[in-house]
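Chemist: The chain contents come next:
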Amino acid sequence: MEKRGNKKNIGNIKGFAIQFMPYSEIKNLDSTSRIKKILGIVLGNNILILQGRLLPQEETRLIEDTMAMIDYTTGFKGIELAVISGDEEETFFSKITKNIANVLIGGDLTSITIIGPATIVKEIKKDPKKIELFLNR
Amino acid sequence: MEIKILTNFFRRIINNIFNNKKEIKLGFYGPPNAGKTSLVNRICKDFTGEELGTVSKIPHETRKVQFKEKVEIDYKGKKMTFKMIDTPGIATKIDYEEFLKYKMSKKDAKERAKEATQGVIESIKWLDDMDIVVVVLDSTENPYNQVNITIIGNLVARKIPVLVVANKIDIKKADIKKIEAAFPEYEVVGISAKFGNNLEEFYESLFKLSKKSKK
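Chains as they are written, first to last, in this note's numbering: chain A, 1 to 137; chain L, 138 to 352.
Treat the hints as calculated values from the structure; they're not laboratory data.
Among the hints, erroneous ones may be present.
Computed cross-link-like contacts, BS3-like style, restricted to lysine-lysine with a CA-CA straight-line distance of at most 30 Å [what the hints assert, rightly or not]: (1) A:K129 with L:K296; (2) L:K201 with L:K162; (3) L:K238 with L:K331; (4) L:K182 with L:K309; (5) A:K125 with L:K247; (6) L:K201 with A:K125; (7) L:K296 with L:K159; (8) L:K310 with A:K129; (9) A:K122 with L:K314; (10) A:K122 with L:K251; (11) L:K159 with L:K182; (12) A:K125 with L:K331; (13) L:K314 with A:K130; (14) L:K315 with A:K130; (15) L:K207 with L:K194.
Far from chain L, by Cβ distances over 12 Å, these chain A residues were calculated [as the list claims (entries may be wrong)]: (16) T32; (17) K37; (18) N45; (19) Q51.
Model, not experiment: these values are computed from the prediction.
Every residue, glycine too, gets a C-beta built ideally from N, C-alpha and C.
Generate coordinates for the entire structure from the input sequences, incorporating the hints supplied.
Modeler: Structural data, given as structure tokens:
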């Protein structure tokens with residue numbers, strides 16, 4: 001991390017890419033490395049579509065690190081984040097079955113996480129069966 | 138046998154007296170501008186005569202965790218003592234330019250944004266210190282915002298009892314049913330912190346929630 005006062009500049013945005021990341025790419029990483037990898041992609045003006053989802057504690061860690069980045073990265077305004085999960089209307093039994101499966105696989109692969117820089121993604125609306133991405137330009 | 142029954146009876150009474158005197162750490166969490174400080178102010182004003190923080194239409198008015206100790210809530214003859222902890226709204230993005238819309242100078246807007254980012258970090262750090270949490274949501278907004286889901290997910294992971302409050306029910310486009318549908322596993326109480334609507338039901342649910350606290 002760079003020192004405060006020595007601000008990083010992400011420059012003018014001329015375009016963006018959508019990057020897909022399979023869960024296997026972060027499966028064996030610790031939480032710090034996962035967040036670092038995700039934020040690195042987002043800071044490169046990419047919208048990340050991640051297979052699976054982060055743990056609740058990792059999601060808050062992602063928010064904390066995002067806030068710290070806003071402070072010292074010129075032009076970075078934060079992120080837009082949404083998780084689409086297939087468990088919205090699941091029964092208690094199917095939830096338990098899925099949780100056991102998640103433990104065996106090593107992550108929740110039935111979810112998809114979308115993370116984009118706020119400079120590009122104005123809003124991600126979830127409703128909950130439909131997801132809409134509103135872009136800034 | 139009779140002595141044992143009497144001993145247990147007095148032990149229960151003594152335990153109840155001491156348990157009621159314990160201070161329960163009650164956190165108020167939610168996205169910015171949901172009305173956390175308005176609700177905390179309403180409770181503090183009702184039971185201590187003093188408000189805790191300032192409220193504003195400009196988002197991120199609360200940028201530091203603020204608390205009031207030993208707030209004794211008296212509801213239907215039952216009393217409970219709380220440490221009220223009002224937290225800055227949690228957001229995933231903060232843009233100083235948003236504050237310029239409220240006729241703020243660029244310098245002030247930048248300063249506010251900087252303080253707001255630190256406030257979000259502070260809010261998250263305090264999560265571990267809570268006994269129970271009231272998640273305050275704006276019932277006129279879409280509840281499926283990831284911040285709401287992340288806050289509740291973290292409270293569940295920490296085994297902290299949660300009550301969801303749907304605030305601003307005085308506004309026409311308020312939709313409590315949508316919040317109930319988004320969080321079917323939690324009790325949702327619709328209130329208006331601004332006008333003090335339905336606070337009786339809120340206190341009833343708060344007392345019920347306090348019993349689930351490990352304290």
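Chemist: Output the numbers, in ascending order, of every earlier hint that fails for this structure.
Modeler: none
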